[in-house]
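Visitor: The chain contents come next:
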Amino acid sequence: MLNAIWETEGLQTVGIVVLVFASIKLLHLLGLISFSEDSVEDELELSAVRHRPEGLEQLEAQTRFSRKELQILYRGFKNECPSGVVNEDTFKDIYSQFFPQGDASTYAHFLFNAFDTDHNGSVSFEDFVMGLSILLRGTVQEKLNWAFNLYDINKDGYITKEEMLDIMKAIYDMMGKCTYPVLKEETPRQHVEVFFQKMDKNKDGVVTIDEFIDCCQNDENIMRSMHLFENVL
Amino acid sequence: MAAGVAAWLPFARAAAIGWMPVANLPMPVAPAEKNKRQDELIVLNVSGRRFQTWRNTLDRYPDTLLGSSEKEFFYNEETKEYFFDRDPDVFRSVLNFYRTGKLHYPRYECISSYDEELAFFGIVPEIIGDCCYEEYKDRKRENAERLMDDQEDNKDAKLPNMTFRETMWRAFENPHTSTMALVFYYVTGFFIAVSVITNVVETVPCGSVPNQKEVPCGERYTVAFFCMDTACVMIFTVEYLMRLFAAPSRYRFMRSVMSIIDVVAILPYYIGLVMTDNEDVSGAFVTLRVFRVFRIFKFSRHSQGLRILGYTLKSCASELGFLLFSLTMAIIIFATVMFYAEKGSSSSKFTSIPASFWYTIVTMTTLGYGDMVPKTIAGKIFGSICSLSGVLVIALPVPVIVSNFSRIYHQNQRADKRRAQKVQKARLARIRISKTGSSSAFLHSKRNGLFNEALELTQLPYKMNLSNQGSTEDEKRLSKSTSLLESQHHHLLHCLEKTTNHEFVDEQYYQQSYLEGGLQNYPSRSPSLSSQDGVTGTCCTRRTKKHHTPLPNASAPAHMQPLTHTHTHPQGLQELSTIHIQPLSTSRSSLNMRVDEPAPLNCQSSQITTAIISIPTPPVTTPEGDAHLPAGPTHQNVVKVSAL
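So the protein sequences, as listed, match chains A and B. Residues in the first sequence are numbered from 1 upward in steps of one, following the UniProt record's numbering. Residues in the second sequence are numbered from 1 upward in steps of one, following the UniProt record's numbering.
Hints may be right or wrong, so weigh each one.
Within a straight-line C-alpha distance of at most 30 angstroms, the following computed BS3-like cross-link-like pairs (lysine-lysine) qualify [said to hold, decoys possible]:
| # | chain 1 | residue 1 | chain 2 | residue 2 |
| --- | --- | --- | --- | --- |
| 1 | A | Lys68 | B | Lys80 |
| 2 | A | Lys177 | B | Lys80 |
| 3 | A | Lys25 | B | Lys380 |
Looking from chain A toward chain B, a few residues come up when the C-beta cut is under 10 angstroms (computed) [to be verified]:
| # | residue |
| --- | --- |
| 4 | Glu80 |
| 5 | Leu136 |
| 6 | Thr139 |
Label-pair ranges, simulated between beta-carbon atoms [as the list claims (entries may be wrong)]:
| # | chain 1 | residue 1 | chain 2 | residue 2 | range |
| --- | --- | --- | --- | --- | --- |
| 7 | A | Ser66 | B | Ser68 | 27 to 37 angstroms |
| 8 | A | Pro82 | B | Ile127 | 20 to 30 angstroms |
| 9 | B | Ile127 | A | His227 | 31 to 41 angstroms |
| 10 | B | Asn96 | A | Arg224 | 36 to 46 angstroms |
| 11 | A | Lys78 | B | Arg430 | 30 to 40 angstroms |
By construction, these hints were calculated from the structure, which means they are not laboratory data. A virtual CB, placed ideally from N, CA and C, is assigned to each residue, including glycine.
All chains should be modelled from the sequences, with the hints used to inform the complete structure.
Guide: Here it is, written out as structure tokens:
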């Protein structure tokens, strides 16, 4: 009698164990269970992307820099970004190093969009050098155009108060916390009000490119400051 | 500023054009590049191996040998190169630091030669990048320990003028310093052994009186054992009291582990003395005797290995904890399974899950007493799985503990964990200081720069002697300390300040001003409006301004007080007290231009800026470093306030 009991019990046990393992294997086959954590293939890193700029002659023709200046610029560029393109994070990182006390990432984001003229998410050396060419060697008209483009976040041709407020906040963020006088919440907003009062001639709540350029050309301070950085290289 | 991105400074400055239309104040003048020369290659000859790099690369770190003018001492006129009679292999790392901004420590290099090279070239080792820093610190520590070992062996010479107490303490801690100490050491060791053996032998059944049952020796020779015990406890008490007396810090000594063990070892005896023949607590008294076994721990003073073992267990606490936790998990799982597997069988010993714990533990540690065995087939299968997994679970954390022990043993039990934490903190503090150094460099040069620029622009017939001497020194100091790169960077930050009409200050000043925020008369909108009413309209001020341009020199002191808290000014000029003074920009801009050009009008009401123009009684120039403090010139006769 004991044998009978043991037989049935043993068969039961063996049956249960076999069933359990079979079901686990089935689920694994169906892909519902994965035993290793990273069975998904690693995505290819974007750093595999390499980009070589156009030749020196073409860049010389397209920008207003001399050969030597382009050489110097490229060397600095390549040093920091060996892959030949800057993505937004690197850009923010580099720009933040110049403003240790504040947070330059928001403004760097806007700058990045201004430099990335073809909106492909990365700034190549050509984009970089074209932007610089306008800023350093362009006419005042071109510079003001560039600035307008920077402020116009959604690139619809109008600067609204919200866009300006974003930009202003980004600029004030760069100052950081330790300033004198102490930065208040409404300071950027006040500054935006001042700006709009000055720029928005027909008081329609937006600033168009013509209003902007007109007003800037009539402002001595701004005109003078446009020429401030010309001897940078 | 990270010099690695120095190449991007032109870009950052160009991008500053984006702020220009937003700014309401005129911008400061850009630093002129006085001797702008084309970037050139320079040759560094290090013991015959030639390295070449751009001059700009070396200029990135002006506070090192290669970045400053110190390298001119090594210039060789005939060969037109810089010659250094140093190790060329280490120089590779040094030069790469300039190129990439990261300093690496090559592993094959000897730590002291590397340190020497770094010291020669003026590079602080803290800058070593994170990738190599651990290695560097480890090697340095090993070296230091080796040196310390050598030193300690020579240190045992007796120091003169030690008090009796200090001598005693030293004798206790290092027994081999004097013969007395050695004798004491061995005597106590002997008595600890005697005490322990006594406790053990007490319980052995001695030969007995035949018609009685066997009694332990302790009960047969009570008096003898009692005397032994008393003698040992006497010795231990005396020793403890002597140590307590000699300890340099009694409070710390009393809290240390060894003293607690001492106390626990002798306390039962005294408690026993006090509580004899008290029936109620005799049970507890018996328990107390168990604590006598702690005397064996007193041996740890005598054995280095025991101390190390204790320290290892302490330092492996996390691994031990993990072992315990995983064992507990496994025990519970297997006990449950075994219980349910054996539930069916009759007369099974697995009466409950906690009862099965015992079986699981015995099986997992491969003891296998056999007092509980599974009878069903399922029970046997799971039992075998249990014993196999037990081996694995226990074997896993053990190598970690073992390796820890051997490491500590070989390092002779130094408290390196504590030291490493301190060092890490110190390193982070130093890096933070150098980072704030860059921003405070800006603040410093701002104050110096202001003074300098102001003086440059004004032809002061009234220049004080002070300022005369000060300026030349300042100029020299400035030209030495700030490279072109730095001055350009500072100009950039200055433009940002102008754009937002706020200034960078350092941490403490910010705290101060934040706290005083309620107190000081900070310009709010309404007072400024009232002041605007008080002053004639802006149009008129143009004319009044023109009146005063023949006195440009007098504005010089105004430059010194960009942040004058004129609310401290005794004269109750309401306008002054509420108007935030930014005279620098406006007055300087007026000086920049030729006199006939009209001053730029900022007609916004919220941006009233005033310049204090004082009558040219010889102005006491403010100490330029204290631009933030209320300055001397506030005591001058303030003649007129004109709003620009």
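Visitor: Could you work out which of the previously given hints the structure breaks and list their numbers from low to high?
Guide: Numbers 2 and 6 - these are the hints that the structure violates, sorted from lowest upward.
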